[in-house]
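Read top to bottom, the protein sequences are chains A and B. With UniProt numbering applied, the first sequence closes on residue 297, and no number is skipped along the way. With UniProt numbering applied, the second sequence closes on residue 309, and no number is skipped along the way.
Since the hints were derived computationally from the structure, they do not count as laboratory data. Every value quoted in this text rests on a predicted model; they were computed, and no experiment measured them. For glycine and all other residues, C-beta sits at the position ideal for the given N, C-alpha and C. Take the hints with a grain of salt, since some may be wrong.
These stretches of chain B come out as covered by chain A in the derived footprint (C-beta under 8 angstroms, 3 or more residues) [what the hints assert, rightly or not]:
(1) 19-33
(2) 281-293
What the simulated footprint calls covered on chain B by chain A, stretch by stretch (three residues with Cβ under 8 angstroms from a Cβ of chain A suffice, anywhere in the stretch; the number is not a length) [unchecked claim]:
(3) 132-142
(4) 164-176
(5) 181-194
Derived, one-sided and incomplete: chain B residues facing chain A with beta-carbon distance under 8 angstroms [as the list claims (entries may be wrong)]:
(6) Pro36
(7) Ala95
(8) Tyr149
(9) Leu156
(10) Phe220
(11) Phe244
(12) Asp248
(13) Ser266
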Amino acid sequence: MDTMLKPAPTDALPAPVPRRRNGKRASPAVRVLIYVLLVAAAAGVLLPFYWMVVSSLKTDNDVVTVPVKWLPHSVVWHNYLDIWRKSQMTTWLENTLILSFAVTALQLFTGSFAAYGFAKVRFPGRDLLFIVYVGTIAVPWQSYMIPQFILMSHLRLSNTLWSIIALQAFGALGVFLMKQYYESIPEELSEAARIDGMSEYGIYRRIMLPLSAPALASLALLTFVNTWNDYLGPLIYLRSPNLRTIQLGLSTFISQYNTEYALIMTGSVLSVLPIAVIFLLGQRYFVEGIATTGLKG
Amino acid sequence: MATTIEAPARPTRPARRRRSRRVWRNTAVGWSFLLPNFIGFAVLTLAPVLVLFYLAFTDWNVFGVARWTGMANFRRLIHDQSFWTALENTLYYTALHIPLTLGAALGLALLLNRRLRGVAFFRTVAFFPYITSIVAAAQVWNMLFSPQYGPIDAVLRPLGIAHPPGWTVSTTWSMPAVILVGTWREMGYYMLIFLAGLQTIPAQLYEAARVDGANAWQRFRAVTVPSLRPTTFFVTVMLTIGSFKVFDLILLLTNGGPGQSTLVLSQYIYQTGFQENHFGYASAISVVLFVLCFVATIVQFHVNKRRSV
Chain A
1 MDTMLKPAPT
11 DALPAPVPRR
21 RNGKRASPAV
31 RVLIYVLLVA
41 AAAGVLLPFY
51 WMVVSSLKTD
61 NDVVTVPVKW
71 LPHSVVWHNY
81 LDIWRKSQMT
91 TWLENTLILS
101 FAVTALQLFT
111 GSFAAYGFAK
121 VRFPGRDLLF
131 IVYVGTIAVP
141 WQSYMIPQFI
151 LMSHLRLSNT
161 LWSIIALQAF
171 GALGVFLMKQ
181 YYESIPEELS
191 EAARIDGMSE
201 YGIYRRIMLP
211 LSAPALASLA
221 LLTFVNTWND
231 YLGPLIYLRS
241 PNLRTIQLGL
251 STFISQYNTE
261 YALIMTGSVL
271 SVLPIAVIFL
281 LGQRYFVEGI
291 ATTGLKG
Chain B
1 MATTIEAPAR
11 PTRPARRRRS
21 RRVWRNTAVG
31 WSFLLPNFIG
41 FAVLTLAPVL
51 VLFYLAFTDW
61 NVFGVARWTG
71 MANFRRLIHD
81 QSFWTALENT
91 LYYTALHIPL
101 TLGAALGLAL
111 LLNRRLRGVA
121 FFRTVAFFPY
131 ITSIVAAAQV
141 WNMLFSPQYG
151 PIDAVLRPLG
161 IAHPPGWTVS
171 TTWSMPAVIL
181 VGTWREMGYY
191 MLIFLAGLQT
201 IPAQLYEAAR
211 VDGANAWQRF
221 RAVTVPSLRP
231 TTFFVTVMLT
241 IGSFKVFDLI
251 LLLTNGGPGQ
261 STLVLSQYIY
271 QTGFQENHFG
281 YASAISVVLF
291 VLCFVATIVQ
301 FHVNKRRSV
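For reference, chain A alone in the conformation it holds in the complex (with noise of 0.2 angstroms):
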C-alpha cells in the first residue's frame, strides 16, 4: 500500500514548516475547542477510576452519604489490608496467574504454529480451512457455550481450571494475527533457508519466531489481559471455592458483601490494577496488535 511513496517536489526545498498529516495548522481556536471536547471527552471517561480509587480510600458510610463527597474525608488505608483477611483474594490472584500465564504459553506457541503453516506452506484445502477459522470468530461464543459445556463436561474437564486453558489456549483470533504478521516477512528469506537446507520447522523456529517478536508481544499482552478479565469462562465452568479467578472471585464477594462499599471498591482497584500496569507498560504493543486485526479484517 506504500508503494507509491513518491518524495513530494517541495521536500527539496528547504521547508520550514515541518509537513503535517493533515496539512495545515488548525487555527488557535480550532484547537482550543478539540483540548476542551478532549479534556470534556476524558473526564467523563475516567469518572469511574477516579470514582473507585477514591471510595476505596473512604469508609463505606463516606461512600454513600449526600451530598456526594468528591474527595475522601480522610485517607483511610486499612481496607486494602482488611480485603486480604476478608476474602479469598490470594487464592484467586493465584488461579488468575497460572491461568493467564498457561493460556498465553499455549496461545503463543500453537497461535504463532498454525499461522506458519497458514502463511508460508501451501498444501490443498488450506485457505478452505483458514476461511472456516476466521468464520468462527464471526460467532458467538454464547451460542455454543452449551453444547462446549457439556463436551467439557464429558470429557471430565469441567470444574477444573483445565477447562478454562482449553477455553482460552486455542482461539482463532492468535492464528489470524500471526497470519498477517508472516505474511509480511518477505518469502526471499524463507526461501534462501530452504536452499540452505533448513528444514520448514527449522524456519519457524529460527527465522520466523524471532522476526515476529513484536507481533508475539502483541499477542500474549492481548491474550493474557482477555484470560485475566474473562468472567463467564470461570462462572460457567469453575463451581469450587477455591478455583476462584479474581473476576469470579469479585462478584461473589460483592454479592457476599453487598453494603462495605469501600471494601468493594477495593477488590475492583486490585483487580483492575495489575491489568492497567501490564497495559501501560505494553501498549504499543495492544494498539499494534489490535490494528493488525482490525485492518485486514
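We have chain A already, so just place chain B on it with the hints.
Same frame as chain A, but now just chain B:
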C-alpha cells in the same frame, strides 16, 4: 508461494511424480503445523457448533437422554413471551449501541489523528475502559448510577433535572444505562481500529482536495469516508456481533432487570441452559442467536460489496 516449483510446459512422468510427492509432503508438513491448534479448535469450537444444531431439536435436560423432538422447541419459542422480550431487548441494545459506539469511536479517532500535545495521553484514556475488568467496571457504574447516592444524578440535579432517571433500577432507563456503559467500554477499542484506518489514507488525497477548494467537511465526506470504508465495514460487523451477544455486561450491571427490561438473548440462553437445565430448549435459542449473527454478517458483506463496486 512456499515451495511451489515452476511447472515445465509439458511435465514428464518422473517430474509429475516428483511434483505429487512434493504436494503430499507439503500437506503433511502443513498439517503438522496446524495440528496443535486445530485439535483444540476442532474439539472446542467446531464440534460444539455442529452439536448445537442437533441439540436444538431434542428435549435434553441434564439427566436422561436427548430425545429427538423435531421442531417442538421452535414451536415453543414462538409462544414464549420471555424469548420475544429477550429478542426485542437485544435488538434495542444493538440499534442504539452500534451508532453510538461507531460515532464516538470515529469522532475520537478524528480528534486524535493529529499532532497535538497530549494526544497519546487521550488515546490511552479512551482505550483504558476496554481492558478494565468487567466485574469492577459494572460494580462502579452501578454505584455511579445509584439514585440515592450516585454522583451522576447528583450532577444532573443542579443542572435543572429535578427527577433524574433511576437508571439501573428503572425499567425505562436500565437499557439506556447499559448501552451507555457498553459504549464507554468499547469505543476506545474501535477508535484504535479507526486510527489505524485513518493512517492508511495517503496525505496526497487531502492535498488534492484542498487544492480543489474543498472545506473540512467536504474533505471528510469526499476523502475520509470513502477511504475508511473497509475499516467502517469491519467495525460495523464486529459491533453487530458484539451487540447481539452482549451478556456479561448485562449480567453484572442489571442481571436482566428490573423485571425483564434488560433481559437479552445470551442471558436467556444462560438461564434456560445453566440455571434451569433445559439444554435442548436453550440450544434452540442459541440457534436463533447464531442465525441472527450469521445473517447480519452476510447482509453486511453484500451491502459492502455493492457499494464498493
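Inset, instruction - Would you check whether Phe244 (chain B) satisfies its interface hint, that is, whether its CB is within less than 8 angstroms of any CB in chain A? - result: Check passed: Cβ of Phe244 (chain B) comes within 7 angstroms of chain A, closer than 8 angstroms.
Inset, instruction - Apply the coverage criterion to the stretch 164-176 of chain B and chain A: a residue qualifies when its Cβ sits closer than 8 angstroms to a Cβ of the chain, and three qualifying residues are needed. - result: Since three or more residues must qualify, the claim that chain A covers the stretch 164-176 of chain B is violated, with 0 doing so at under 8 angstroms.
Legend entry - Hinted contact Pro36 (chain B) with chain A - closest CB pair below 8 angstroms: holds (4 angstroms)
Inset, instruction - Tell me if Ser266 (chain B) is really an interface residue toward chain A, meaning its C-beta lies closer than 8 angstroms to one of theirs. - result: holds (4 angstroms)
Inset, instruction - Report holds or violated for chain A covering the stretch 19-33 of chain B, Cβ cut-off 8 angstroms, minimum 3 residues. - result: holds (count 8)
Legend entry - Hint check, Asp248 (chain B) versus chain A [nearest Cβ-Cβ separation less than 8 angstroms]: Holds - the Cβ of Asp248 (chain B) comes within 8 angstroms of chain A, reaching about 5 angstroms at its closest.
Inset, instruction - Go through the hint on Leu156 (chain B) and say holds or violated, using the shortest Cβ distance to chain A against 8 angstroms. - result: Result: violated, 12 angstroms to nearest chain A Cβ.
Inset, instruction - Tell me if chain A covers the stretch 181-194 of chain B under the three-residue, 8 angstroms CB rule, please? - result: holds (count 5)
Inset, instruction - Go check the stretch 132-142 of chain B versus chain A for me, would you? Three or more residues, Cβ under 8 angstroms, otherwise it fails. - result: Satisfied; 9 residues make the cut.
Legend entry - Phe220 (chain B) as chain A interface residue, shortest Cβ-Cβ below 8 angstroms: Hint on Phe220 (chain B): violated, closest Cβ of chain A at ~11 angstroms, above 8 angstroms.
Inset, instruction - With chain A as the partner, please determine if Ala95 (chain B) meets the hint condition of a C-beta pair closer than 8 angstroms. - result: violated (18 angstroms)
Inset, instruction - With a cut-off of 8 angstroms on the beta carbons, see whether Tyr149 (chain B) makes it to chain A. - result: holds (4 angstroms)
Checked against the numbered hints given earlier, this structure breaks hints 4, 7, 9, 10; the rest are met.
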